[in-house]
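**Student:** Each chain is listed here by its residues.
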Amino acid sequence: MIKVAVVGLGKMGLSHLSIIKAHPDVSLVAVCDTAKYVLDLLEKYTGVAVYSDYDTLLQQEALDAVIIATPSSSHGPMVRAALQRNINVFCEKPFCLDVDEGKELAQLAQSKGLVNQVGYHYRFDAAFQETKRLLDAGAIGEVTHILAEAYGPVILQPKGATWRTRRSEGGGCLYDYAAHPLNLINWYFGRPESVGGTVLNQIFSQETDDEVYGTLYFPGGKSAQISVNWSDESYRRMTTKLNIWGTGGRIYVDRQECQVYIRDNVAVPAGYEPGWNVRYTTELTPEVWFYVRGEEYSSQLDYFIRCIKEGRKENVNSFASALETDQVMAMMITDSEQGRHVGEYTPVVRSEPSIMRWLHRLFGKRIMDFHKKIKK
Amino acid sequence: MMDRVLFGDNQFFGINHMSEEKARAQAIRFKDTQAVIEVLDIAYAEGIRTFMCTTHDRIAEICDHVRANPRHYQGFQFYPCMPYAHKYANAMTDHGMLGAVKRFLPEQGLFDAMLRGGASLAKKEVDGIATLLIDAEMKMFAGLSTPVIFFQNVLTDFLLGLGFKAAFRVFADHVKERYGAEPGFITMNMPKLLDALDEVGVENPIICANINKIGFRMCGGLAAYEQALKERRFRPIAMSVLASGAIPPREAIEYVCNLPNIESIVFGASGRGNIRQTKLLIDELTAIHSMTHTAKASK
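Line order of the protein sequences matches chains A and B.
Per this note's numbering, the very first residue in the first sequence carries number 1; after that it's consecutive.
Per this note's numbering, the very first residue in the second sequence carries number 1; after that it's consecutive.
In isolation and in its complexed conformation, chain A is listed as follows (with noise of 0.2 angstroms):
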């Protein structure tokens, strides 16, 4: 049996709880956290040791690893404490907010091989697994442009302050959603060599930003786009799509199907055909051995567990990976705060008198349509 602690017991704390506490190869020695309401329930109600400090934790238990799903700033600290003590490290994303401290960490794990994982669910979702293996099949040609969107009803109103109301500790659309369709363009596309045009733009939030949008350029003029929006009540919880463009087709996909346009011009993979073909989650997912909230998050867990027992390499959305995402959010932000933006063309402007060139700086094109009118 794998010994296991949970650290953190937030919403998706809860959720890792309650799935690997049923998994089969596990037992869960421990949970940690700082609120002791919810401590005392479980002990009370499920018999499990609960810790309310971390150290402690680590100190009194034997532990073979820890899930950590803890405010995204802790994460550093805490990755290096289990990882010091040779414990397998399954951490929550976004999974660190300093990429230096990020790179370190995910030597160290591979430096003593440990299992390193994020939860980066989407990778374990079958339509986004059907479209990595479509795409490196080669099924829609050479890929040329992905348009990555994920939205969905967070921040609605402006809120009181939580952890997740301040960038500074990892809160925020571009953390806690943008993450995410960013992961899956790493996954299909790699790492961009740069990004620009990038909005991290506030709705209701006062100290992170709701909406995140910009382009992440690839060699060889590749390129992909982004639009996140964590205040769209249209959407009844989060949706991430893509849609895939390559010299011989297109992907849409979505957790629930992966709709693919193949052309005639390329090598169509088995059991596809040229045209449309649409695949179904319903036919594309594995079973598990227990479902809480959608296959997806069983099945992270499930391979997190099969990698230490049975010292598998692989590593699916290792701390490596992982921090390919951090590097494209931290460049976001950088280039966000640059806001370097080509202005108008305006040549036009250029014979008219100054006071026009300051009035169509301040109102646009509607004040030069009124002053030609004038003229005329």
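Source of the hints: derived by calculation from the structure; they are not laboratory data.
Values in this document were obtained by computation on a predicted structure and should not be read as measured data.
Think of the CB as a built atom: it goes at the ideal place given N, C-alpha and C, for glycine as much as any other residue.
Don't take every hint at face value.
[What the hints assert, rightly or not] Which chain A residues stay away from chain B? Per the calculated CB distances, all over 12 angstroms, these: (1) GLY47; (2) ARG85; (3) ARG263; (4) TYR345.
[Unchecked claim] Below, a list of computed lysine-lysine pairs in the DSBU-like style, where the Cα atoms sit at most 35 angstroms apart: (5) B:LYS192 / A:LYS11; (6) A:LYS309 / B:LYS192; (7) B:LYS165 / A:LYS3; (8) A:LYS313 / B:LYS176; (9) A:LYS159 / B:LYS279; (10) A:LYS11 / B:LYS165; (11) A:LYS36 / B:LYS31; (12) A:LYS241 / B:LYS176; (13) A:LYS36 / A:LYS222; (14) A:LYS132 / B:LYS213; (15) B:LYS213 / A:LYS309; (16) B:LYS230 / A:LYS36; (17) B:LYS139 / A:LYS241; (18) A:LYS132 / B:LYS22; (19) A:LYS11 / B:LYS22; (20) A:LYS241 / B:LYS230; (21) A:LYS103 / A:LYS222; (22) B:LYS139 / A:LYS36; (23) A:LYS132 / B:LYS192; (24) B:LYS22 / A:LYS44; (25) B:LYS139 / A:LYS159; (26) B:LYS139 / A:LYS11; (27) A:LYS309 / B:LYS279; (28) B:LYS165 / A:LYS36; (29) A:LYS3 / A:LYS44; (30) B:LYS31 / A:LYS159; (31) B:LYS192 / A:LYS3; (32) B:LYS165 / B:LYS230; (33) A:LYS103 / A:LYS132; (34) B:LYS165 / A:LYS44; (35) B:LYS31 / A:LYS11; (36) B:LYS213 / A:LYS11; (37) A:LYS11 / A:LYS373; (38) A:LYS11 / B:LYS176; (39) A:LYS241 / B:LYS22; (40) B:LYS22 / B:LYS296.
Model the placement of chain B on the given structure of chain A, informed by the hints.
**Tutor:** Just chain B now, with coordinates in the frame of chain A:
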């Protein structure tokens, strides 16, 4: 005895396990409650009398309508499924577990609520809080027939994973005592849940689970489900029989009707044709199955 055919509500709230596009189209179509009522009326006209529904805010409007037109809905009954998980999940992200619970407790100081809630919070007992939350969710059904009350699958399976089994007993007892109703449990992990309910002494439970020919979301495996249906004492309701459209209707329903002991089948549809076809198919295949069954038994 439950009706053989129950009508579900996923289609009204933009839930479709296969396609986001279809889900959105449905959400647009059923924006007005009147559109939902029209479909319920079609189902009623086809002889369906049970509406199995989440405690979504909009169901309250359906309840008002049925209450206001008792003659039109004779024999019509609701099977409430609680809680509507999304509102709690969102509240938990913002307010933590305890904060979320507090938010949904009745706002004003009913003496009963204070007593049950206050004492329960202080002693860290779930009974008081849980029963208060059940009562809050049941408010919209006041005066309507609710012979079976369900525990929603996300919560059932979450607690099942945690090993928080006492909660199932608290729910079952409260539903029986306060509402004279049978407790039901929706799950994606039927064999495991049966064990847990046995342990806490919930006997002969009503269990609504995915039961379909392709084993879609049947954790523990198709074989374990078939064995449980044969050997264990419980009252199964089959849902996701068509696996969101992955299996052709006749083939799908034939499979379920040939399984032993299935008491009811729940399905959701929005068009008259689909509702009629599914209801007729279930009736027809149920009749064939029971004839074969009787013939076998008399041999």
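**Student:** Look at each hint and say if it fits the structure.
**Tutor:** Against the structure, the hints:
Remark: the non-interface label on A:GLY47 conflicts with the geometry, its nearest Cβ contact in chain B lying 7 angstroms away (cut-off 12 angstroms). The claim that A:ARG85 lies off the interface holds: its Cβ sits roughly 26 angstroms from the closest Cβ of chain B, which is beyond the 12 angstroms cut-off. Under the 12 angstroms C-beta cut-off, the non-interface status given to A:ARG263 relative to chain B holds; the minimum distance is some 23 angstroms. Listed as outside the interface, A:TYR345 is consistent with that label: its C-beta sits roughly 38 angstroms from the nearest C-beta of chain B, beyond the 12 angstroms cut-off.
A C-alpha spacing of about 23 angstroms is found between B:LYS192 and A:LYS11, which places the hinted pair at or below 35 angstroms, so the restraint holds. Restraint check: the Cα-Cα separation between A:LYS309 and B:LYS192 comes to about 24 angstroms, which is no more than 35 angstroms; the hinted pair holds. For the hint linking B:LYS165 to A:LYS3, the alpha-carbon distance of about 22 angstroms falls within 35 angstroms, and the restraint holds. For the given pair, A:LYS313 sits about 52 angstroms from B:LYS176 by alpha-carbon distance, which is inconsistent with the 35 angstroms threshold.
Pair hint A:LYS159 plus B:LYS279 does not hold up; C-alpha atoms about 47 angstroms apart against a cutoff of 35 angstroms. A C-alpha spacing of about 20 angstroms is found between A:LYS11 and B:LYS165, which places the hinted pair at or below 35 angstroms, so the restraint holds. Distance check on the hinted pair: A:LYS36 and B:LYS31 sit about 42 angstroms apart at the alpha-carbon level, beyond 35 angstroms; violated. At roughly 44 angstroms between alpha-carbon atoms, A:LYS241 and B:LYS176 are farther apart than 35 angstroms, so this suggested pair is violated.
Distance check on the hinted pair: A:LYS36 and A:LYS222 sit about 51 angstroms apart at the alpha-carbon level, beyond 35 angstroms; violated. Simply put, A:LYS132 and B:LYS213 have alpha-carbon atoms about 28 angstroms apart, close enough for the 35 angstroms limit, and the pair holds. Only pairs whose Cα atoms come within 35 angstroms are accepted, and B:LYS213 paired with A:LYS309 is accepted, the gap being roughly 33 angstroms. Using a Cα cut-off of 35 angstroms, the hinted pair B:LYS230 and A:LYS36 is violated, with the two alpha carbons roughly 45 angstroms apart.
In summary, the hint linking B:LYS139 to A:LYS241 is not supported, as the alpha carbons are separated by about 38 angstroms, beyond the 35 angstroms threshold. Distance hint between A:LYS132 and B:LYS22 is fulfilled; the C-alpha atoms sit about 24 angstroms from each other, no more than 35 angstroms. Note on A:LYS11 and B:LYS22: the hinted pairing holds, with a Cα-Cα distance of about 28 angstroms set against a maximum of 35 angstroms. Of the supplied pair hints, the one linking A:LYS241 and B:LYS230 is violated, its CA atoms being roughly 42 angstroms apart against a limit of 35 angstroms.
The suggested pairing of A:LYS103 with A:LYS222 holds, with an alpha-carbon distance near 26 angstroms, which does not exceed 35 angstroms. Straight-line distance between C-alpha atoms of B:LYS139 and A:LYS36 comes to about 32 angstroms, which keeps the hinted pair within the 35 angstroms bound. This hinted pair checks out: A:LYS132 and B:LYS192 have alpha carbons roughly 33 angstroms apart, not beyond 35 angstroms. Pair hint B:LYS22 plus A:LYS44 does not hold up; C-alpha atoms about 44 angstroms apart against a cutoff of 35 angstroms.
Restraint check for B:LYS139 and A:LYS159: satisfied, since their Cα atoms lie roughly 28 angstroms apart, inside the 35 angstroms limit. The suggested pairing of B:LYS139 with A:LYS11 holds, with an alpha-carbon distance near 27 angstroms, which does not exceed 35 angstroms. A C-alpha spacing of about 49 angstroms is found between A:LYS309 and B:LYS279, which places the hinted pair above 35 angstroms, so the restraint is violated. Using a Cα cut-off of 35 angstroms, the hinted pair B:LYS165 and A:LYS36 holds, with the two alpha carbons roughly 21 angstroms apart.
Taken as a hint, the A:LYS3 and A:LYS44 pair is honoured in the structure, with Cα atoms around 21 angstroms apart against an allowance of 35 angstroms. Between the alpha carbons of B:LYS31 and A:LYS159 the distance comes to roughly 27 angstroms, so the proposed pair stays at or under 35 angstroms and holds. The hinted pair formed by B:LYS192 and A:LYS3 meets the criterion: a straight-line CA distance of about 22 angstroms does not exceed 35 angstroms. Between B:LYS165 and B:LYS230 the alpha-carbon distance is near 24 angstroms, which keeps this suggested pair within the 35 angstroms criterion.
Simply put, A:LYS103 and A:LYS132 have alpha-carbon atoms about 26 angstroms apart, close enough for the 35 angstroms limit, and the pair holds. Of the supplied pair hints, the one linking B:LYS165 and A:LYS44 holds, its CA atoms being roughly 12 angstroms apart against a limit of 35 angstroms. The suggested pairing of B:LYS31 with A:LYS11 holds, with an alpha-carbon distance near 30 angstroms, which does not exceed 35 angstroms. At most 35 angstroms may separate the alpha-carbon atoms for a hinted pair to count; B:LYS213 and A:LYS11 meet this at roughly 33 angstroms.
In summary, the hint linking A:LYS11 to A:LYS373 is not supported, as the alpha carbons are separated by about 60 angstroms, beyond the 35 angstroms threshold. A hinted pair counts as satisfied when its Cα atoms are at most 35 angstroms apart, and A:LYS11 with B:LYS176 qualifies at roughly 31 angstroms. A hinted pair counts as satisfied when its Cα atoms are at most 35 angstroms apart, and A:LYS241 with B:LYS22 qualifies at roughly 15 angstroms. Straight-line distance between C-alpha atoms of B:LYS22 and B:LYS296 comes to about 43 angstroms, which puts the hinted pair past the 35 angstroms bound.
This entry does not satisfy hints 1, 8, 9, 11, 12, 13, 16, 17, 20, 24, 27, 37, 40, going by the numbered hints stated previously.
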